[in-house]
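Undergrad: The chain contents come next:
Protein chains: 2
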Amino acid sequence: MQYRFADRIARVPPSFLGELFRVSSDPAIISFAGGLPSSALIDVEGMADAARQVMDEEGRTALQYSTTDGFLPLREYIAARYRNRLRVPATADEIQIVNGSQQCLDLFAKIFLNPGDHVGMERPGYLGAIEAFSLYEPVFHTVPLDEAGPEMAAFEKMVTAMPVKFFYGIPNSQNPSGCTYAEDRRRGVAEALEGTGTLFYEDDAFGELFFDGRPRVPVTRYLPEQAVMSGSFSKIIAPGMRIGWLYAPPEVLRAFNIAKQAADLHSNFLCQKILHRYLTMHDLDAHIRKIVSVYGRQCRLMCDLLDDLLPELRHTTPQGGMFMTATLPPGLSSMKVFYAGIENNVAVLPGTPFFIDGGGTDTIRLNFSNASEEKIKEGMGRLARVIRSCMSP
Amino acid sequence: MQYRFADRIARVPPSFLGELFRVSSDPAIISFAGGLPSSALIDVEGMADAARQVMDEEGRTALQYSTTDGFLPLREYIAARYRNRLRVPATADEIQIVNGSQQCLDLFAKIFLNPGDHVGMERPGYLGAIEAFSLYEPVFHTVPLDEAGPEMAAFEKMVTAMPVKFFYGIPNSQNPSGCTYAEDRRRGVAEALEGTGTLFYEDDAFGELFFDGRPRVPVTRYLPEQAVMSGSFSKIIAPGMRIGWLYAPPEVLRAFNIAKQAADLHSNFLCQKILHRYLTMHDLDAHIRKIVSVYGRQCRLMCDLLDDLLPELRHTTPQGGMFMTATLPPGLSSMKVFYAGIENNVAVLPGTPFFIDGGGTDTIRLNFSNASEEKIKEGMGRLARVIRSCMSP
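Residue numbers (this note's numbering), protein chains in the order written: chain H, 97 to 489; chain R, 97 to 489.
There's no promise every hint is true.
Since the list gives no way to pick out one identical chain from another, each pair is judged satisfied if it fits inside one copy or across any two copies.
As the list claims (entries may be wrong) - Here are the simulated SDA-like cross-link-like pairs (lysine to any residue), alpha carbons at most 20 Å apart as the crow flies:
no. : residue 1 : residue 2
1   : 432       : 144
2   : 432       : 187
3   : 386       : 156
4   : 473       : 436
5   : 386       : 163
6   : 473       : 429
7   : 386       : 137
8   : 471       : 279
9   : 432       : 345
10  : 386       : 469
11  : 386       : 438
12  : 471       : 156
13  : 432       : 411
14  : 473       : 457
15  : 471       : 130
16  : 432       : 406
17  : 471       : 451
18  : 386       : 254
19  : 471       : 160
20  : 432       : 480
Bear in mind the hints are in silico, worked out from the structure with no lab data behind them. Please read these numbers as outputs of a predicted model, since none were measured by experiment.
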């Protein structure tokens, strides 16, 4: 039969992400295309211990329904970490647990966006956010990123030119660019927004992963009532549990909680309990230092190999996170490199889907978290050969 | 600051569910108000074993990101059970894993509803569905239920009078009424819909919980291309894992999968693995027989006590599931009974929020799954005293 779908579904750009997860799972391919944290760095034994304790001591509670807002001790842990690490005066009441921070994108858009509302994003912007927001049919406006953050003239122009509901940004090790906002850009963004009706949506998926171990000041600290910040355990503990959170002012969180309840009642309680048990048993900072030291080495290696093997490419130099972006020589299409790469068992991600208003055809995103140094050496060698052969007439 | 929320959030009826979960957790109160399966019947040891095995044998995979559609062996299990138990020709490709079947309500509405679209529901209708659908701003139409299902004249009139996008129903042990569609109503509903553009959304949360152990024919079997069916492990294994699914025609499932990916990438993979491991290690039918025999006894006891202690109340007589509805004597308000009940440590759920177009002020929903026979005896005694005192001038 002819299904009468909603208009919103026709407006979603076709997605690469699903395809990517499939490509990434072919063991012959060295993939720099995905967005996986390193499997090798997941503390499986620690999580197994935590799971065993939860099941033995409070399994009957952990397997039952729970409250929409999430497990209180876990929310207290998150709030305390914000207070101690970022000097943000968070309380557990201001934290809502969600299914990975991707769910924040959906629910936040749901409570704020009428069709045709204006949304600001970075250019390039995070693909998962573009997909989530698109279903609420906003008008997107983008502000170009340089290595120090959004270009301020463009940012100010966008904010003053129209009633933007919110600006979505990833100030720490942005996906896909790998850029981190400089301190003055953080202040600049907050100053430009202050007193306007525009909220700042600060996606902090990567803030724990700076190679120098030093936290950056969240924009949210400068805009307490006018910003929300999302976070996730996916990159520092384990993505398969799908546990993230939103930190938001009480009135925003109330609406967000209604949307969360309507969406799926609550996030899986067993995993919330296991995660919290794990956090009480382990030194998270020590675990993160281990991750960061590996990612830092892998990132430097990838940058060095790009410089050595492909000096024609420009690339960003991340201070943390999991991604960098490289710009191909003029005239070379990232789609061509993508398909030639797959044939030669190396996968990169074409930049186009991150450019919602077009462009980016000469950029590729490279992930450095999920391949060992050995794989990076081998994979970058393959990529260099692929790009050379694409460049030859 | 003044937050500029989306119009849709203003249209959500204020929710009882969150409040209920809180009330239900006060140990002094005997609650018939919630919707919890029996904690005592959760096989904690079995789940703990399954979790241990998954962590030991494939923890690193289970804790990593996975695919949006869900763990293939789990989808194969669900499809095989449909084929064997319900004679529905399901394949794994037609199953999408979600965070409890509540998420089906959200995502299905998301892919089908434009604001102002027409949606059909039972009267009374499931509160969680009303909340989920409301955020997409449809126009609701309701068809009264009697003990054998939707009143067919009203159903046919609704379907022919306007272009209803879908009719949402719970043919098996409906929430809140406890009614089960008779066989001829199932055929009647399918015949009335056939050839129209209206889909049937069959919520089958309770189909495994018939006290006689006999599966009923799903409406979906009569309308293969024009129906979807949602299911859940919450009532037969453990709700805290938040694992449910949608069974739908391929074209619908493709759109649904896009919405799922945008909403939260995928459901928690660790719990999918644990659940599947549990299912391969245990006889699900034997486990369900145990649940059903307890629920059947508790249901009969509650019906008998209602008849003995409160003969002025009419009530439904469920064939399965977890709920029944009782109608108070004329002039007695369910809200008055609710508040008087809380003061006397017994909680019931006022029927009003289940009646989206008004009414139901003289009905209460009673849950019989989550209180032991002893608690039911004590609680129904309290309720009888409360109602008597509310009735006296």
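Undergrad: Using 20 Å as the alpha carbon limit, work out where residue 471 and residue 130 are close: within a copy, between copies, both or neither.
TA: Answer is within: at 14 Å inside a copy they meet the 20 Å cutoff, but 53 Å across does not.
Undergrad: Is it within a copy, between copies, both, or neither that the alpha carbon of residue 471 lies no farther than 20 Å from that of residue 160?
TA: Between copies only: 19 Å across chains, 43 Å inside a chain, cut-off 20 Å.
Undergrad: Please work out whether the CA atoms of residue 471 and residue 279 approach to 20 Å or closer within one copy, between two copies, in both situations, or in neither?
TA: Neither: 35 Å inside a copy, 61 Å across copies.
Undergrad: Between residue 473 and residue 436, at a C-alpha cutoff of 20 Å, which is it: within one copy, between copies, both, or neither?
TA: Intra 18 Å, inter 72 Å, cutoff 20 Å: intra-copy only.
Undergrad: Have a look at residue 432 and residue 345 and pick one of within, between, both or neither, based on CA distance no larger than 20 Å.
TA: Neither: 46 Å inside a chain and 35 Å across chains, both beyond 20 Å.
Undergrad: How would you label the pair residue 386, residue 137 (within, between, both, or neither) given a Cα cut-off of 20 Å?
TA: For residue 386 and residue 137, the Cα distance is within 20 Å only inside one copy (8 Å; across copies 42 Å).
Undergrad: At 20 Å max between alpha carbons, let me know whether residue 386 reaches residue 254 within a copy, between copies, both or neither.
TA: Classified as neither; 40 Å inside a copy, 62 Å across copies.
Undergrad: As a check of your reading, is residue 432 near residue 411 (CA-CA no more than 20 Å) within one copy, between copies, both or neither?
TA: within (19 Å within a copy, 68 Å between copies)
Undergrad: At 20 Å max between alpha carbons, let me know whether residue 432 reaches residue 187 within a copy, between copies, both or neither.
TA: neither (49 Å within a copy, 36 Å between copies)
Undergrad: Regarding residue 386 and residue 156, is the shortest C-alpha distance of 20 Å or less found within a copy, between copies, in both, or in neither?
TA: between (34 Å within a copy, 17 Å between copies)
Undergrad: Give the relationship of residue 473 and residue 429 under a CA distance limit of 20 Å: within one copy only, between copies only, both, or neither.
TA: neither (23 Å within a copy, 74 Å between copies)
Undergrad: State whether the alpha carbon distance between residue 386 and residue 163 is at most 20 Å within one copy, between copies, both, or neither.
TA: neither (34 Å within a copy, 27 Å between copies)
Checked against the numbered hints above, the structure violates hints 1, 2, 5, 6, 8, 9, 11, 14, 17 and 18; every other hint is satisfied.
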